[in-house]
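S.K.: Keeping their order, the protein sequence lines are chains A, B, C and D.
Taking this note's numbering, the leading residue of the first sequence gets 1, the next gets one more, and so forth.
Taking this note's numbering, the leading residue of the second sequence gets 1, the next gets one more, and so forth.
Taking this note's numbering, the leading residue of the third sequence gets 1, the next gets one more, and so forth.
Taking this note's numbering, the leading residue of the fourth sequence gets 1, the next gets one more, and so forth.
Any given hint could be a false lead.
Copies of the same chain are indistinguishable here, so a pair counts whether it falls within one copy or spans any two.
Said to hold, decoys possible - Here are the simulated BS3-like cross-link-like pairs (lysine-lysine), alpha carbons at most 30 Å apart as the crow flies:
1) K338 / K234
2) K81 / K218
3) K338 / K51
4) K218 / K156
5) K156 / K129
6) K234 / K156
7) K218 / K186
8) K338 / K186
9) K234 / K129
10) K218 / K47
11) K218 / K293
12) K47 / K293
13) K47 / K338
14) K51 / K234
In case anyone wonders, no lab produced these hints; they're calculated from the structure.
So you can see what is in the structure, the chains are spelled out below.
4 protein chains.
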Amino acid sequence: MSGSNALFIPGPTNVPHRVRQAIDRPMEDQRAPDLPAFTLPLFRDLKTVFKTRSGSIFLFPATGTGGWEAAVTNTLSPGDKVLATRFGQFSHLWIDLCRRHRLDVDAIDVEWGEGVPVAQYADRLAADKEHKIKAVLVTHNETATGVTSDVATVRKALDAAGHPALLFVDGVSSIASIDFRMDEWKVDVAVTGSQKGFMMPAGLAILCVSEKALDYAKDAQCARCYFDFADMAKTNRDGYFPYTPPLSMLRGLRASVDLLLEEGLENVFARHYRLAEGVRRAVSAWGLSLCAKAPEWYSDTVSAIRVPAGINGADIVRLAYQRYGLSLGAGLSVVAGKVFRIGHLGDLNELMLMMALAGAEMTMRDVGMDIVPGSGVAAAEEYYRSTYQAARPTAQAAA
Amino acid sequence: MSGSNALFIPGPTNVPHRVRQAIDRPMEDQRAPDLPAFTLPLFRDLKTVFKTRSGSIFLFPATGTGGWEAAVTNTLSPGDKVLATRFGQFSHLWIDLCRRHRLDVDAIDVEWGEGVPVAQYADRLAADKEHKIKAVLVTHNETATGVTSDVATVRKALDAAGHPALLFVDGVSSIASIDFRMDEWKVDVAVTGSQKGFMMPAGLAILCVSEKALDYAKDAQCARCYFDFADMAKTNRDGYFPYTPPLSMLRGLRASVDLLLEEGLENVFARHYRLAEGVRRAVSAWGLSLCAKAPEWYSDTVSAIRVPAGINGADIVRLAYQRYGLSLGAGLSVVAGKVFRIGHLGDLNELMLMMALAGAEMTMRDVGMDIVPGSGVAAAEEYYRSTYQAARPTAQAAA
Amino acid sequence: MSGSNALFIPGPTNVPHRVRQAIDRPMEDQRAPDLPAFTLPLFRDLKTVFKTRSGSIFLFPATGTGGWEAAVTNTLSPGDKVLATRFGQFSHLWIDLCRRHRLDVDAIDVEWGEGVPVAQYADRLAADKEHKIKAVLVTHNETATGVTSDVATVRKALDAAGHPALLFVDGVSSIASIDFRMDEWKVDVAVTGSQKGFMMPAGLAILCVSEKALDYAKDAQCARCYFDFADMAKTNRDGYFPYTPPLSMLRGLRASVDLLLEEGLENVFARHYRLAEGVRRAVSAWGLSLCAKAPEWYSDTVSAIRVPAGINGADIVRLAYQRYGLSLGAGLSVVAGKVFRIGHLGDLNELMLMMALAGAEMTMRDVGMDIVPGSGVAAAEEYYRSTYQAARPTAQAAA
Amino acid sequence: MSGSNALFIPGPTNVPHRVRQAIDRPMEDQRAPDLPAFTLPLFRDLKTVFKTRSGSIFLFPATGTGGWEAAVTNTLSPGDKVLATRFGQFSHLWIDLCRRHRLDVDAIDVEWGEGVPVAQYADRLAADKEHKIKAVLVTHNETATGVTSDVATVRKALDAAGHPALLFVDGVSSIASIDFRMDEWKVDVAVTGSQKGFMMPAGLAILCVSEKALDYAKDAQCARCYFDFADMAKTNRDGYFPYTPPLSMLRGLRASVDLLLEEGLENVFARHYRLAEGVRRAVSAWGLSLCAKAPEWYSDTVSAIRVPAGINGADIVRLAYQRYGLSLGAGLSVVAGKVFRIGHLGDLNELMLMMALAGAEMTMRDVGMDIVPGSGVAAAEEYYRSTYQAARPTAQAAA
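Generate coordinates for the entire structure from the input sequences, incorporating the hints supplied.
M.R.: Quick look at the structure:
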């Protein structure tokens, strides 16, 4: 195929040129005397991305799943009770992981397309006078359904109940794309990965851990070694690692953090909102609706779009790839076939999204859907035109 | 700016990943014993791209302008008469170059938007009983206007007149994108550059020279040294060069030729036609017309699109770049402000072109043109859908 | 600093150009229909590197430490007895990891510089009539001391005792550099990482697991999720992964395996032996000795060189880096200060090693050691000259 | 072959990582509104490298040979007399180029191994009362023999004679490696290329032209177009180019100039001297001598080393490449077989040079020369140790 493929899955996302070049570097000495001059500022600046002062950053060669495992095994003991919600494939898998580590999960099922049921959380917490619930889990952005939940209100529920449970947030598809506030929301462990908002290849689990959670680690009885916080913290303090660090990825992460901070986090979030809103206008112009059931839950990183009865969303995904080199996300598990997803996070701009929208229009017509050609693109064009901001730096200047 | 810029100028074109990686190679020894094992097959396979058996390939570290200079200084002498047409900026510059080398140019002016006036050429050649015309110049594809001329009929005119003049073709924006037949059309010198159909950075002039033209080189009195065919031919024979070759570019050229031959030249031409036709459908849907005055002249590598009175095409080009990161081509010289150009050559596919079409729609509306949003995109979508071919190899397989 | 740093630590090793380019690829769709056409042959060819037919390959985004964790948690249960040896920093850490997972480790301490005590293993196994020992651990190449142990004789001891214990091998700094035979030695779990013989950045744990070990996984009670064999096996079967795979690293691994198989495994081993032997000749010419106590234990991937009393090996490592841009390995733990290490594995040739030898000579003289300048280099030169083989492919041909 | 080739030809030289990454960039719009923000500072900073305030920089997609052609065709007319010296292959070729452009060259032949005969130049200039000599040519560093001539004394000879001839300097293998002073020496045209001290691939001719020479351009009658100064100057003024610029190379040049200015020109020159002196110590330790007949002519960028009678220098070059992956320079023309050359310019450090010295020792012994193994390396080691400077920035800090 000539030209570039168009990658619009909700991660891994497009890796910017600068990040790719930072990764592609001659191999380095992991114990060089001057390595800390590189690593220590990286830890410091990652804290800015998580909006934390007191939290600690942990970087494991792993994926978000490994990050979940690190979160629970370092802070909890077998039999501990945790409160969670299942409302998509990724919240489901996190619950499953907890159970394999013999945690006692109180899993609330809500319809896929809704967010974390804060009222139910509040009830459970208020009722738990003995504080048997040791941790509360929130999937900030459920990638399978394009639903963003409200972490701040969960914190409020905890505070209202005067409940000491740890607050764990899966921010894999939100952090660095959607506003996240470690300190303000008093999150105890936030987990993300390199391959979404950080615009890198998969392979790095990025965690931010509160002092409270680190305290819990001392007594946590879940077995662990590779993901042990204490081993990491002890060597990280001096800028080194307890085992061979993935230096190429760390160099890429440096470039990623530079890109995020140069653009400004609030600008990054605003860009994601604007790009997402263009996609939502297109969906509306097509006469379709999102899996997310209400605007309060609309995700700025991924949109899961419902297809009409009689149409298999998986066919759209497959044909878009085979015919037009367009990668979309398929529906998973409960919503398999019922939705297709457009990832709109990471290193993207308006015109790039036109590839996804035009390609989706073409493929939806290919599978027999009655979509007006150009209708979604037109809606997005007009929205992007009307929200254009003059301050945008141009390509050469940014080089 | 986040994401990638969208490059739709008619050269330099997008450099494919494989070509970029071939260029980015540790530096090599230009006199290594095994260098000919690389260079000799490269010369051979370039002949395939020019569709020649008897022609010789010359590679100069230069641009197409240097290629023009090589063509005329190696074959002609000051005072020699050449027949040429001016119908765009690049045909104009070639004529200017000839005059600086003191050639006597009979330059026919035709309206910008038309092609080479074959009938007038035929008349001139028939009238030139003394064969004072030593060379006939044809700009195969005039990049400024998006006009492709018919080289085969110029050859017929020469043959009909029994005229021995050399036939020079500027194929800078045609060769490797639009069908070109060195041997069948008995072209004597064909000139192209690395930065268009060959999908590389600028910096390499690529020439194909007939045996007849090489014979002329022996008596040509135009002064030359850097661009001397004889010096090149003598060392190229053994796989080396008379001065330091641009090895990185040669490695890139190898990858470029591999890509062209793997896709198949006829498939490359068909792809360019299809992509161009989608753009033309969009132009038509917008209610606009091309600078090229008739379908016989429509270029498959670049479309120059006329803007209505009162609109400055340069504003469209500037705003598309500043607002949406889209690079279009501006009108040059006689058509400055009257057109904007979309380059659709090189490493492109349908969805990438949607960036150009959507961005053009947005910008045309920004400058006040009454364009229906999505109309051009819709026309292209439907054309591309209807001409989809199942045989397209997918991305992974091609890796 | 001008020029390239000289990296001679025993991992991470120099990443070859081809591997770096394979890694540096536009991001891909992890669920693309054609991904299995890439992943399935990769699993297959990795089996060739491990010399196995019946073993299964597992690829975790992790390091060797994660590989160890995967090995023990998937096959054992808390309280299970394992037999191990501590004779260097990495065998020590593996034992520590087992204990954290509540295994009952019978750890034999031998002097650093010696290999696995096969006779003691044999005694322990023979005495274990009740087969309480569930697994026997062998660090094939102890990176801290430059000692290679004999896995085949451990297998013989197991067989002689008719003992069913699993045989686990840490091949992190041996596999793909020193001969390793999964099937012939009936190894049950072999663990390695990407950053040594595979010549890649750190970040990938590569395991090969016997059918017997996979059977054990069904009953193993150690908690695990991220490193679960069953989850991996289920999705790998179709060419996919249970969580986002590190596609860039997998592409690099493909290039790495291609390089290894193109050179031929036996040639790779022979090259490592020859390069190592040149270093050993230099050490001898310097009048120094290796940490490894006998030739049977000499490692072909890393040499730990003893420094005289009064000299701190750490000074050599530090000054070599600061003055000459040379990265050597420091002594760890028990041998801290007493040795410095030259890694000679991965993408290396004779002349590259001259950087390490000349730089070591310079630095040893800088710290006051009485080394004859050029003596080690001369010994290596003469050895390499005498063992030159004409068949070596040249650079251009290999391109 | 495993590992990297060792490139020690006197150009093209090793391209630093940073320069390679700057070159490897997505293609850009050559007429973008913000391109001048990149190009204008590049022209300005190149003037610093040439040590000029009033000179103008010209960048042609070409090699040094093209630069020579630009120098003479823009300033001279057929029949003009120029004074030159032939004392190596490159001074010979420059004279040949002048003659092809019909200049009347007074070529003084001196023995290969000596520099420009300043006394004879002085005599010729003093005798030329009618100022028929229009230009004086100086090959600053004759790459074929490793001889650096004294440009300052040639300027003194011109001044002493009160002669208005233009002073042309071929600085291809000196500029950016050996001190060059455009303004102080009142050089009129200095020519260099990208592939030596600028550490880039070949493909860019870099010229610096005095105001006086630009004045001459107005009347110069040599035919030219591609290399025309006026066309370039007119568009360069605004940051653009008269034909498609080699943007990738310009981006690389930016990185190259950054590297040079960050290191500091005087530090760059000192580094080249130190590296060269280590090679000269090695040559002396081998009992061999340089082609350069006296220390005043020793080149800091390339050493041509005489081989004893009965030995063919070409065999050394060929075997070093075939057996050890080492690229040395062969003797050219008059000194073919009589010397081999070690290029020691560009992106190099001490340990890298050990590859060249050790490889040369090995190969010289292979062809039967009575060289003490390690002797040259030892001499270089001791020289480099004794001249080590603490201030050297380390690798990580420079990243």
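S.K.: Each of the hints needs a verdict: does it hold here or not?
M.R.: Status of each hint after checking the structure:
1. K338 / K234: between (48 Å within a copy, 24 Å between copies)
2. K81 / K218: Close inside one copy (18 Å) and across copies (26 Å); limit 30 Å.
3. K338 / K51: neither (37 Å within a copy, 45 Å between copies)
4. K218 / K156: within (27 Å within a copy, 43 Å between copies)
5. K156 / K129: within (17 Å within a copy, 61 Å between copies)
6. K234 / K156: The answer is neither: 33 Å in one copy and 41 Å across copies each exceed 30 Å.
7. K218 / K186: So K218 and K186 pass the 30 Å test inside one copy only (20 Å; across, 40 Å).
8. K338 / K186: neither (36 Å within a copy, 48 Å between copies)
9. K234 / K129: neither (36 Å within a copy, 42 Å between copies)
10. K218 / K47: within (23 Å within a copy, 41 Å between copies)
11. K218 / K293: neither (42 Å within a copy, 41 Å between copies)
12. K47 / K293: neither (33 Å within a copy, 48 Å between copies)
13. K47 / K338: So K47 and K338 fail the 30 Å test inside a copy (39 Å) and across (39 Å) alike.
14. K51 / K234: within (23 Å within a copy, 39 Å between copies)
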